[in-house]
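Asks: Now for the letters of each chain:
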Amino acid sequence: MKSENAAQRIIQFAFIALAGGAWYWATAAGKISPLFLPRPESVWNAFNRLLTLGQFWPPVRITLLTIAQAYAIAALCGILAGYLVTRSKFATEAVEPIIAGLFTIPITLFFPMFILFFGIGTGSKIAYGAVYGFFPIALSAIAGLGHVDERYLRAAQTMGASRLETFRHVLLPYAFPVILTGLRIGFFICFASVLGGETLSSVSGVGRNIALAAELMEPARMYAWIAFVILTAVSLNMLVTALENHAARRAGRS
Amino acid sequence: MTDVSQSPSAAAAPAITIRGVTQRFGDAGSSQSVLALDNVSLEVARGEFVCLLGPSGCGKSTLLNIVGGLIRPSQGEVTVSGRRVDGAPRPDEIAFVFQESTLFPWYTVIENFRIALKFQRVPKAEWDDRAMAALRAVGMAGFSGHYPNQLSVGMRQRVNMARGICVKTGILLMDEPFAALDEQTRMVLGEDLSILLAETGKTIVFVTHSLAEAVFLSDRIVVMTARPGSIKTIIDVGEPHPRSPDFMLEPRFGELRNELYALLRDEIRKTMASQRDPAAARGGA
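Chains as they are written, first to last, in the working numbering: chain E, 1286 to 1539; chain R, 7 to 291.
Honestly, the hints are just simulated from the structure, not real lab data. All figures in this text were calculated on a predicted structure; none of them were measured in a lab. Be aware that one or more of the hints could be misleading.
[Claimed, not checked] Selected chain E positions facing chain R (Cβ under 10 angstroms, derived; list incomplete):
{"id": "1", "residue": "M1444"}
{"id": "2", "residue": "A1446"}
{"id": "3", "residue": "E1450"}
{"id": "4", "residue": "H1454"}
{"id": "5", "residue": "F1461"}
{"id": "6", "residue": "V1525"}
[What the hints assert, rightly or not] Ranges of calculated distance between the beta carbons of each label pair, as one might list FRET restraints:
{"id": "7", "chain 1": "E", "residue 1": "D1434", "chain 2": "R", "residue 2": "K174", "range": "22 to 28 angstroms"}
{"id": "8", "chain 1": "E", "residue 1": "G1408", "chain 2": "R", "residue 2": "E83", "range": "56 to 62 angstroms"}
{"id": "9", "chain 1": "R", "residue 1": "M138", "chain 2": "E", "residue 2": "L1349", "range": "20 to 26 angstroms"}
{"id": "10", "chain 1": "R", "residue 1": "A204", "chain 2": "E", "residue 2": "L1369", "range": "47 to 53 angstroms"}
{"id": "11", "chain 1": "R", "residue 1": "P251", "chain 2": "E", "residue 2": "D1434", "range": "35 to 41 angstroms"}
Where a beta carbon is used, it is the ideal one built from N, C-alpha and C, also for glycine.
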C-alpha cells in the first residue's frame, strides 16, 4: 500500500517534470515560434515585470473577490434551494429533474445577456459565476438533504429541536459529505466562469489581462498570467481535497 | 375515573390518560387497511413504570408513538399532565428512547448530550453537569469524548438511555430499548434502569417482547391481544424499586413470568394463524 502510494507520487511528479522539460526543450530548440509558446525564462521575466510594475496584485484582487462573491451566492442559494425543495417528497420529485435539466444548458450562450443586464464591470461576472455554480450545489444539496435518516429527524423532533436547529445540527452534518461534492464542483465552475467571463468581456481582472496580453501580442505576459491561474487552481484543489478528507473522516465515524 | 381536564394541576392526576384510542392505517374501506389498535384505555400514574407486552404487530409501538405525539390516533384521545396530545411531540414533558441508538454520529457522546439539552432549552450552564451525572449513572463517564461508532452496541444504547434520562421531562417512553442487545447486557442495563428510576421518579412506559424484562422492571404489565391490539389484562407486580437481581430468583418472579406466558401464548398463536391466513386478520373486529 505504502510503496504503491510512493509509485503513484513518482508518476505524478514525472508528469510535471516531463511537461516542463518538453516546454524547455521545444522552445530552446527553436522548434516552436516564441509567439505561440515563449521560453520559460521570458515568462518568468514577464511575471517579475508584472510584480515590479505593480500590475500584478490589483487584477488578482479583483478576480479573487469576484470569485468569492459569486461562490458565496451560489453556495448559499444552492443549499437553501436544496433545503426548500427537499421539505416534501413531491417537490423533490418535481423540481430535481428541472434543475438537472437546466444544468445541461450551456449558460455561456447567455453571457451577452449578463453583460446587458449587469454591465461590463464585476457585477456581470459575479452573476454569471453564481448562476453557473448554483446548479451542481443545488443538485448535491437535494441529493444529500433529501435522504436524511428518519431516525435522527424523529429524535430531534421529540427533543424539541426548532427547524433551524434541526437544519444546523441534524440535516447539514448528515448530508455534508454529499453536499461537499457539489460545493467542490460548484467552486471550480465558479472559478472557470469568472475567469472566462473576464476574458470575454471585462475592464479588469486576471481574465481581462490574459485577453489583453494576447491582443497586444505579448505571449510571455499572457503565459505568466496563465501560469499563475494554474498554480492557484492546483493549490485550491489541494486545499479542497484536504477539507474533503477531513469531512470524510468525520462521516466515516457514522 | 378522575376527570383530569378539569384539574390539570392536581398532583393526584395521572401522568398519562389514554381514552378509547383506536388506530387504523389506510382507509377504512380499503383492502390494505389495518386496524392496529382497538379502543384502548389506560391510565399511568406519576412515577409509575408500565410495560406494554404483547405479540409482534399488536400495536405496542403504535400506542407508544401515539402517546408521544408522533402519530395522531384515528379515534380517542391521549392527555399528558392534563393537556391533550394531538399528534405533536411534547419535548417539555416526554422523552423517547428508541430501539436503535439515535445518538448523532457526527457528535461525540458529550456533544450529543449538549445538543439534546440545547434542543430542550435547558440553560447552558447546566449542560455538562447534567450530562456527566447521567453518564456516571450508566457507567459511561469515561467515554464522553468518544464518537458513538467507537462504542459497542451495548455501550451506545447505555448512552442513548442516559440521554433520555438526563433531560428534564417527567415522562420517558422507551420502545424496546434493549432489543438489539445480548441477554447478559440486557440484564445489567435492566438493573441500571431500575436503580435510575427509583432515583429520578420518572413515569415510564416501556415496550418489550421479553417476559423477564417486563416482570423485573414494571410496576404494572399491560398484556395486549394480537392485532387489532387491545388490552387483554393488566398485571400488578407489586415490588418496590430499586429491584435487586435477587428478585429474579424469588418464586414470585417465576410465577408472574409463567402467568404472563400463559396469557401471551394464545395471542401469539392467533398472530401466527393470521399470518398464515392474512385475509382473516384484515380489518379486524
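Asks: Min Cβ distance, E:H1454 to chain R: is it shorter than 10 angstroms?
Replies: 5 angstroms, holds
Asks: Double-check E:F1461 for me: the hint is only fine if its C-beta lies closer than 10 angstroms to a C-beta in chain R.
Replies: Check passed: Cβ of E:F1461 comes within 8 angstroms of chain R, closer than 10 angstroms.
Asks: Has the hinted range 56 to 62 angstroms been met by the Cβ atoms of E:G1408 and R:E83?
Replies: At roughly 59 angstroms between Cβ atoms, R:E83 and E:G1408 fall inside 56 to 62 angstroms, so the hint holds.
Asks: For the pair R:P251 and E:D1434, does the Cβ-Cβ distance stay inside 35 to 41 angstroms?
Replies: Cβ of R:P251 to Cβ of E:D1434: about 36 angstroms, so the range 35 to 41 angstroms holds.
Asks: May I ask you to test the interface hint for E:E1450 with respect to chain R, counting a Cβ-Cβ separation under 10 angstroms as satisfied?
Replies: Cβ of E:E1450 sits 6 angstroms from chain R, so the hint holds.
Asks: For the hint on E:A1446, does the least C-beta distance to chain R fall short of 10 angstroms?
Replies: At 4 angstroms from the nearest chain R Cβ, E:A1446 passes the 10 angstroms test, so the hint holds.
Asks: Given E:V1525 as an interface hint, is its Cβ closer than 10 angstroms to any Cβ of chain R?
Replies: Violated - the Cβ of E:V1525 stays beyond 10 angstroms from chain R, reaching only about 20 angstroms at its closest.
Asks: Between R:M138 and E:L1349, is the Cβ distance one that fits in 20 to 26 angstroms?
Replies: Since the Cβ atoms of R:M138 and E:L1349 sit about 46 angstroms apart, the hinted range of 20 to 26 angstroms is violated.
Asks: Holds or violated: the 47 to 53 angstroms window for the beta-carbon distance between R:A204 and E:L1369?
Replies: 48 angstroms, holds
Asks: Holds or violated: 22 to 28 angstroms for the Cβ distance of E:D1434 and R:K174?
Replies: 26 angstroms, holds
Asks: Tell me if the interface restraint on E:M1444 is satisfied: Cβ within less than 10 angstroms of some Cβ in chain R.
Replies: 4 angstroms, holds
Hints 6, 9 from the list above are not met by this structure, while the remaining hints are.
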